[in-house]
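> Using the sequences and the accompanying hints, generate a full structural model.
What follows is each chain in one-letter form.
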Amino acid sequence: MGVPIFITAVTNCCWIGADNCVILGILGTDLSWISKVQVNHPAVLRRAQQVQARRTVKKEWQAAWLLKAVTFIDLTTLSGDDTSSNVQRLCYKAKYPIREDLLKALNMHDKDITTAAVCVYPARVCDAVRALKAAGCNIPVASVATGFPAGQTHLKTRLEEIRLAVEDGASEIDVVINRSLVLTGQWEALYDEIRQFRKACGEAHLKTILATGELGSLTNVYKASMIAMMAGSDFIKTSTGKETVNATFPVAIVMLRAIRDFFWKTGNKIGFKPAGGIRSAKDALAWLSLIKEELGDEWLKPELFRIGASTLLSDIERQIYHHVTGRYAAYHDLPMS
Amino acid sequence: MAAATRTAPRAREIFTTLEYGPAPESHACALAWLDTQDRHLGHYVNGKWLKPEHRNSVPCQDPITGENLASCLQAQAEDVAAAVEAARTALENWSTLPGARRAQHLTRLAKMIQKHQRLLWTLESLVTGRAVREVRDRDVPLAQQLLQYHAVQAHTQEEALAGWEPMGVIGLIVPPTFSFLEMMWRICPALAVGCTVVVLVPPASPAPLLLAQLAGELGSFPGILNVISGPTSLGPVLASQPGVQKVAFCGAVEEGRALRRTLAGQGLELSLALGAESLLLLTEAADVDSAVEGVVDATWSDRSQVFQAGDVPSDSPFYPPTLISDLPPASPCAQTEVPWPLVVASPFRTAKEALAVANGTPRGGSASVWSERLGQALELGYGLRMGIVWINAHGLRDPAVPTGGCKESGSSWHGGPDGLYEYLQPSGTPARQPSLSENLNYDTFGLAVPSTLPAGPETGPSPAPPYGLFVGGRFQAPGARSSRPIQDSHGNLHGYVAEGGAKDIRGAVEAAHQAAPGWVGQSPGARAALLGALAAALERRESALAARLERHGVELKVAKAEVELSVRRLRAWGARAQAQGHTLQVAELRGPVLRLREPLGVLAIVCPDEWPLLAFVSLLAPALAHGNTVVLVPSGTCPIPALEVCQDVATLLPAGLVNVVTGDRDHLTRCMALHQDVQALWYFGSVQGSQFVEWASAGNLKPVWVNRGLPRAWDQDAEGAGPELGLRAAQTKALWLPMGD
Chain A
1 MGVPIFITAV TNCCWIGADN CVILGILGTD LSWISKVQVN HPAVLRRAQQ VQARRTVKKE
61 WQAAWLLKAV TFIDLTTLSG DDTSSNVQRL CYKAKYPIRE DLLKALNMHD KDITTAAVCV
121 YPARVCDAVR ALKAAGCNIP VASVATGFPA GQTHLKTRLE EIRLAVEDGA SEIDVVINRS
181 LVLTGQWEAL YDEIRQFRKA CGEAHLKTIL ATGELGSLTN VYKASMIAMM AGSDFIKTST
241 GKETVNATFP VAIVMLRAIR DFFWKTGNKI GFKPAGGIRS AKDALAWLSL IKEELGDEWL
301 KPELFRIGAS TLLSDIERQI YHHVTGRYAA YHDLPMS
Chain B
338 MAAATRTAPR AREIFTTLEY GPAPESHACA LAWLDTQDRH LGHYVNGKWL KPEHRNSVPC
398 QDPITGENLA SCLQAQAEDV AAAVEAARTA LENWSTLPGA RRAQHLTRLA KMIQKHQRLL
458 WTLESLVTGR AVREVRDRDV PLAQQLLQYH AVQAHTQEEA LAGWEPMGVI GLIVPPTFSF
518 LEMMWRICPA LAVGCTVVVL VPPASPAPLL LAQLAGELGS FPGILNVISG PTSLGPVLAS
578 QPGVQKVAFC GAVEEGRALR RTLAGQGLEL SLALGAESLL LLTEAADVDS AVEGVVDATW
638 SDRSQVFQAG DVPSDSPFYP PTLISDLPPA SPCAQTEVPW PLVVASPFRT AKEALAVANG
698 TPRGGSASVW SERLGQALEL GYGLRMGIVW INAHGLRDPA VPTGGCKESG SSWHGGPDGL
758 YEYLQPSGTP ARQPSLSENL NYDTFGLAVP STLPAGPETG PSPAPPYGLF VGGRFQAPGA
818 RSSRPIQDSH GNLHGYVAEG GAKDIRGAVE AAHQAAPGWV GQSPGARAAL LGALAAALER
878 RESALAARLE RHGVELKVAK AEVELSVRRL RAWGARAQAQ GHTLQVAELR GPVLRLREPL
938 GVLAIVCPDE WPLLAFVSLL APALAHGNTV VLVPSGTCPI PALEVCQDVA TLLPAGLVNV
998 VTGDRDHLTR CMALHQDVQA LWYFGSVQGS QFVEWASAGN LKPVWVNRGL PRAWDQDAEG
1058 AGPELGLRAA QTKALWLPMG D
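Quick note, the sequences are listed as chains A and B, same order. If you read the first sequence in the numbering used here, its first letter stands for residue 1, the second for the next number, and so on. If you read the second sequence in the numbering used here, its first letter stands for residue 338, the second for the next number, and so on.
Simulated from the structure, these hints should not be mistaken for laboratory data. Keep in mind that this is a model prediction, so the values were computed, not measured. All clues given are correct.
Derived pair list, reagent style DSSO-like, types lysine-lysine, alpha-carbon separation capped at 30 angstroms:
1) K111(A) with K269(A)
2) K301(A) with K104(A)
3) K292(A) with K282(A)
4) K452(B) with K282(A)
5) K111(A) with K58(A)
6) K58(A) with K452(B)
7) K689(B) with K36(A)
8) K111(A) with K301(A)
9) K269(A) with K36(A)
10) K59(A) with K452(B)
11) K301(A) with K265(A)
12) K36(A) with K265(A)
Computed spacing ranges between beta-carbons, pair by pair:
13) T56(A) with P699(B): 39 to 45 angstroms
14) K156(A) with L660(B): 52 to 58 angstroms
15) R475(B) with D110(A): 40 to 46 angstroms
16) R347(B) with S84(A): 38 to 44 angstroms
17) Q859(B) with Q186(A): 46 to 52 angstroms
18) T311(A) with L368(B): 40 to 46 angstroms
19) E554(B) with P335(A): 53 to 59 angstroms
20) S180(A) with R710(B): 27 to 33 angstroms
21) I661(B) with T311(A): 47 to 53 angstroms
All residues carry an ideal CB built from backbone N, CA and C; glycine is no exception.
What follows is the structure in structure tokens.
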């Protein structure tokens, strides 16, 4: 026996949007894109629960997916005690994320597997650029900016911070948005600020951190995502890693749906970067599966998907070690970052 | 899922394609269990395997590979009889145990399932082709929750369900494609309240047999759960076994209808849970993405076996999910039940229109409403004539929440308090009497009305009794333009009453339908006030009513007491109507679930001949208090007191709310039982009449309550005003309101 269902839908569905224009690839603000948005919290939570449990990959599939996940990582260090030495270590790990012999065993040693980027504070950009050059690779350096993580500094200094980081050689800028504009519903002001960030970035990629743990509701997450994309972000990113709630599946689902809506409205593919709290290889697989389910395979490339993480890589390497050798690795078996 | 046989692509290749791979799960455990039975499954009866000889057997196959897993014996009538006998024997002990002991046993079974869950999920997955994940992560935990919830109910039974007793042996029939959960939903409440169960499962369903074995291996109380496998055609055989008090059937609508007809007059209760359709109302104020997920959930709902679509060969048993859009309700395709996941989308313009379209089908199972506007969502949620309504969710289930339906989806319930009442009867209910009239001709029962001739002059005190059919708020001449004489206890003519017929019933049902929206819209308080006013009017009419009753041989003192008791009944039901429905707490849900008690709609009542006033009022009062509109056929021998009451009804109650049609009882019963727009029918009359009503109710599957010719003590509160009446006078709806921002 089957399950016929009667969906009854309205004819005047508001979803496919109004008349909007794309000027030089960047959109004007049309608040109708966000004004009627509805996000149902409990329904999104249920979807989040399901999507984590629905798919699993094993054996070679798991190994291949994990190696792919490595190529999505923005290998990050954002600590008060960062110095040139640990940034240098991090950069070498970015270049050689998995032990060569393990890659050989998987016949993947010629695939040039590196992390997608290295992500540091603005003051460490020079160190990172130097170290990566020394390692002989062109992995991009991403810098956080605009008063990371709180964003509570003057707009002028925030913009200046971006310019300086770009000058130092950062080719990707992870900016934080001004949460107060979201919480007070000043969407146009938010749009204007992000537009200015965009200009300040110049050629560099703009990754906009929404700090979703501090936006109050999923509806706000959707609206902020849409505004950030309309203002010209190349990526939207869940969180700084410094909020109490970081990258969660429900928030991600809402952001991914906004990305999909934006793509349907404009034809532009915007990237997605979850960050904060993604520590295990299993988590990474779940994130890949989520992207595959919600946006499709087209988004599974470093240009459109990143994972912001610091300790994730070592867990992935541990899993690969296990896959190849059938043993669980000791702490000292794998080089540290 | 079974392991894929194609060669595994190398990691290199997968790195580029990022495709999903097989996630094999070993079925060794299930196969080992089948080996313990020598790949030859029988039935599980009385704590033992029953493998009679000389029976046909059918193969049990892996639906994906087609591999033969085991052969399964097909039961015959003797096997069914053996199972029922075991259940009857077990009943004596089980039903008299303290609730706490039964609770303990159910908890032990839950633990048993927990210990052997891998075996359960691999076996179920292997045989049905469902994904392991689905069975493991949802069905198995839910099965344990069901046992635990019902253990709690058993524990508090003596206190919470005082005045009710277990029905006895329950026969459960489940459809060919189903999850073992469907069985758990029904056996848990039955066992909890003290019934024992015989489950007839389709051939090749090992999981229910395994569950029965797990229950049997608890040692104590073998025989409370017996599982036999055989074709659905054994259903009537199961039902006809002496001792079976109730049959619960779930399956296709037409099969349920046929079973309803077959079992008419057999003296047992039948509950039907039919069809698997569900409905989604998606408004412009919805979170559309979440609603789409809801559609997917609904397509793969647990109501039936779900075939997972994937990249499988076209000759596989997997149906691809299908979407049909812009299908007008009139299209034949919109009305057929199909055996595959099908989504039919059709547009609507306003919420009103949505309700009209949604309620304009014979289905009454479940629906979800997707709207972020609270007012709109509640309007739709309350307006849908469905058993379950989810707001902004679909397919949620919980043991504490009743799940069921109305209209042609069958009005049986499982889960929550309603699930318990399915297996309870008021204490002291007489055991099943075989009352089947084999030679009752359904085609001619009550078809012709005997002619009535003048029977002499009307005698007796004036004023003359009211004359006419009370329809639409006034007395009207009958369509047939003829009358029937009513004799008093001395054989003298008391008066004439109108001879009602099919057209009069049609008119009365129409009038009742017109009055329904107004009456449902009244608050329970307003309804109570009107019932109170009617009670006061009856009080004023006491002497006249008593005199009428006296003429029919009732002693004056008794007659006065009957009037007085009738007055009390009206007042009591008015008060009870104000305390209805409640909120349920669900462990995993943030937000409430409302258990609403809604009117049945137009309720037809055939009053008994005895207690002409009291029985009439005792049936009328709960029906009205719960918001129904009614068409009544009063006592055949003494209809005049009821007509007398109508004189007050005419001035006090809205027109059409109460309609009283006099005439030949069999004929009027026939007209009402066959009327598709009568939503429920209570019949108190002959054995044959009861059988006919049960048979005819298969038409629109209206819930019926028949007395099978047995008298009822209307003057006793337990039978004349007990909770059973309130339970039958309204239907449940579960309204899920998940919250969060």
